[in-house]
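Student: Here is what each chain is made of, one letter per residue.
2 protein chains.
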Amino acid sequence: MTNPLPSGAVIGILGGGQLGRMLSVAAARLGYRSHIFEPGANPPAGHVADAVTTASYDDETALRAFADAVDVITYEFENIPTSALDLLESMRPIYPGREALRVSQDRMIEKTYLSELGLQVAPFAAVETADELSKAIDQIGVPGILKTRRFGYDGKGQARIMQAPDAETALADMQGAPAILEGFVNFSAEISVIAARSQDGQVSAFDPGENVHEGGILRTTTVPANVPARLRSDAVLIAAKILNALDYVGVMGVELFVTAQGLVVNEIAPRVHNSGHWTQNGCVVDQFEQHIRAVVGWPLGDGARHADVVMENLIGSDLERVSELASSGDCALHLYGKAEAKAGRKMGHVNRIKKS
Amino acid sequence: MTNPLPSGAVIGILGGGQLGRMLSVAAARLGYRSHIFEPGANPPAGHVADAVTTASYDDETALRAFADAVDVITYEFENIPTSALDLLESMRPIYPGREALRVSQDRMIEKTYLSELGLQVAPFAAVETADELSKAIDQIGVPGILKTRRFGYDGKGQARIMQAPDAETALADMQGAPAILEGFVNFSAEISVIAARSQDGQVSAFDPGENVHEGGILRTTTVPANVPARLRSDAVLIAAKILNALDYVGVMGVELFVTAQGLVVNEIAPRVHNSGHWTQNGCVVDQFEQHIRAVVGWPLGDGARHADVVMENLIGSDLERVSELASSGDCALHLYGKAEAKAGRKMGHVNRIKKS
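Residue numbers (the UniProt record's numbering), protein chains in the order written: chain A, 1 to 356; chain B, 1 to 356.
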C-alpha cells in the first residue's frame with residue numbers, strides 16, 4: 001500500500017440507496033467512516049453512515065461543506081449532475097474518475113467508446129428527430145430499442161420498435177430527450193462481470209454471473225454462469241480491457257450478451273452493481289469492500305469464489321416472503337430498511353448458497 | 001416468525017465498542033436500525049449506527065429518552081449497572097434477560113449456578129478477608145487464581161496464587177472488592193461454543209473454536225477445534241443446557257477447558273463473543289446476525305460452518321500489520337475504526353480462511 005487513506009478517514013458517498021448502504025458497511029469493516037450526500041429524506045445508507053447531508057445536487061454550499069468534511073469521494077449511481085461533479089472534483093479526488101462517468105452517462109458515447117476499443121456492441125445510431133429515427137431504422141433494421149441517451153435505469157426511458165410503424169410512439173416516449181436506436185441482439189444469455197481496478201493498476205474480476213430480468217428489473221443472478229469456460233474468461237478479459245482503457249479506480253459492472261458470435265457488451269456501470277450482490281456470501285472479499293479498497297488506495301482483496309450462489313432480488317411485495325426465507329437454510333438475507341414496499345422497488349435480496 | 005419486530009424498528013444497544021459496531025451492521029442487514037448508548041465519546045459503533053446517545057449509566061433522563069426511542073434493548077457487555085437495567089426494563093424488553101445478567105455478572109453466583117446445573121467447574125470459594133482466603137487455600141489448594149467477583153475482563157482483576165505466601169499480595173490486588181478463589185484446572189486446551197437461543201426456544205450452536213490467550217487477552221480462535229468429535233458435541237450440549245436453564249434469548253459465549261475428566265466450564269458471557277468472530281467468514285449467518293435474529297423475534301439462521309478459519313485479534317501495534325494483511329490472500333480484515341492504537345487494545349481482527 002503506497003499511500004492509503006489512514007484509518008478513520010472519511011469516504012464521501014454520493015447517493016444514499018442500498019448500494020451506498022452496503023458501501024458504508026464495507027468502509028466501516030476496513031476502519032473508515034462514511035458520509036452520505038443524498039437529496040431524499042431518510043436514506044437507507046444513512047442508517048449505517050457516520051454522517052448524512054440532505055441536500056440537492058445544485059446546493060453549492062452543501063456540496064462544499066460535504067467535500068470539506070470528507071477525504072475522498074465515490075458514488076453509488078452514475079447520473080450525477082456535471083456541475084456538482086465539477087465543484088466536488090475541485091476540492092477532493094473522485095473515484096471512479098470523470099472519464100468513466102462521461103462515457104457511461106451517455107449511451108451514445110458509451111457504445112462509441114466500446115466499439116472503438118474493438119469490443120462488440122449492438123448496432124446503434126443517434127436519434128433526435130423522426131427523420132433521424134427513420135434513417136436509423138433503415139440502417140439498423142427492426143426490431144430495435146429506442147432509449148434515452150442519458151438517465152435511464154431499470155428499463156426506464158426505453159421503447160421497443162418491433163416494426164417501422166412503432167417508430168412514432170417510441171419517439172414520443174423519449175419526451176424530446178436525445179435518444180439512441182439499438183438493434184436487437186439475438187442472445188442466449190446475459191452475463192455480467194464485476195471487476196475492480198486499484199489505484200496502482202491491479203485488476204481483479206469476480207466470476208461472471210448469469211442474469212435474468214423481469215420487466216426490465218434484475219430478478220436473479222446465478223454463479224457460476226451456465227456458459228462455456230472460454231466465454232467466462234473472455235468476459236473477464238473484456239472487463240479488464242475497459243478498466244485499463246479508462247484508467248479506472250473502483251468496481252465496475254459490465255453486462256454482456258452471450259451470442260453465437262461471442263460476447264456483445266450491453267452496458268457498463270461505473271459502480272458496484274446489483275448483479276454483484278452474490279459476492280457478499282460467495283467470496284471472502286465482496287464487491288463493496290473491493291470498491292472501498294480501490295477508493296482508499298488499498299490493494300484489492302481476495303475475490304475468489306468459494307460457493308455457488310443464486311442471488312434473488314426482493315422487489316416490492318416480495319418483502320412478505322421474508323418470514324419464510326428467514327427460516328430456510330442456506331439463505332443469507334440482506335434487507336435495505338426502506339420505509340415503504342412500493343411495486344418495482346428493490347427492498348432487499350437473498351443469497352442462496354451451495355458449497356462448490 | 002410469530003411476532004417479530006417490523007422492518008425499520010430500532011434496536012437499542014448498550015455499549016458502543018466493536019461488538020456493538022458489528023451488532024449494528026447485522027441489524028442493518030436485516031432491515032433494522034440501531035441506537036447506541038455509550039458514555040464514551042466517538043464510540044466505534046457510532047460510525048454505523050442510526051443514532052447515538054452519549055451519556056453515563058446513572059443519567060436517568062438520558063436512559064429514559066433512549067428507551068423511548070428504541071423498540072427493544074440488548075447489550076455488548078455484561079457489567080451494566082443494575083439501576084440502569086431496572087429503569088430500562090420498566091420501559092422496554094431487554095434481551096438476553098436479567099437472569100443471565102445476574103448469573104454472569106458475579107463469578108461466585110455463576111460458578112454456583114453452573115455446578116447446580118450438574119456441570120463441571122473449577123473448585124471455588126468466596127473470599128473477602130485474609131482469613132477467608134487462608135481457609136479457601138486450605139480447602140482448594142494451590143496454585144489458584146484470585147479474581148474479583150464482578151467487573152473483570154481480559155485478565156483484569158485477577159491475581160495468581162502459586163504458593164500460600166502469595167495470598168497477601170493477591171488479596172491486596174483485589175482492592176477490597178469481594179473475590180473468588182478458583183482452583184487451577186489442568187487443561188490441554190480451551191475451547192468455546194457460541195450458541196444462540198430464539199424467543200420461541202430454538203437453540204443453535206456454532207462449531208466450537210479453540211482459543212489461545214496471551215497476557216489474559218484472546219489471541220487466536222481456530223475452527224474446527226483440535227479436540228475429539230465427542231467433546232465438540234459435549235460442548236454444544238453443555239451450552240444448550242445453560243441457555244435452556246436461563247430461558248435465554250440471544251447469543252452466549254461459553255468458555256470450556258478440555259481436561260482428562262471431560263469439559264470444565266470456565267465462564268459464560270451473555271453476549272456475542274470475541275471467540276465467535278470467525279463466524280463472519282465461516283458461516284452464512286454469523287454470531288452477530290444470530291443475536292439480532294433472536295432479539296427481534298426472528299427464527300435463528302443457518303450457522304453451519306463452510307470453511308476452516310483462524311481468527312487472530314489485532315491488538316495495539318498489530319495495526320501496523322494491516323498493510324501486509326491487506327495484500328495476502330484468504331484474509332478477511334475487520335477493523336474497528338478506533339482512534340488510537342493503545343497497547344492491549346483490540347483494534348481489529350483478521351479471519352484467515354481455508355475451504356473445508
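Each hint should be verified, as a subset may be incorrect.
Stated by the list, open to error - Heads up, incomplete: computed chain A residues facing chain B, CB under 7 Å, no partners named: (1) His213; (2) Gly297; (3) Trp298; (4) Ala326.
FYI, nobody ran anything at the bench for these hints, they're computed from the structure. Glycine is no exception: its CB is placed at the ideal position from the N, C-alpha and C atoms.
Student: Now, for every hint given, state plainly whether the structure supports it.
Tutor: Consistency of the hints with the structure:
Interface hint status for A:His213: violated, as the beta-carbon distance to the closest one in chain B is roughly 24 Å, over 7 Å. A cut of 7 Å between beta carbons decides the hint on A:Gly297: the least distance to chain B is about 10 Å, and the hint is violated. About 5 Å separates the beta-carbon of A:Trp298 from the nearest beta-carbon of chain B, less than 7 Å, and the hint is met. Here the hint on A:Ala326 is kept, as its CB sits about 5 Å from the closest CB of chain B, short of 7 Å.
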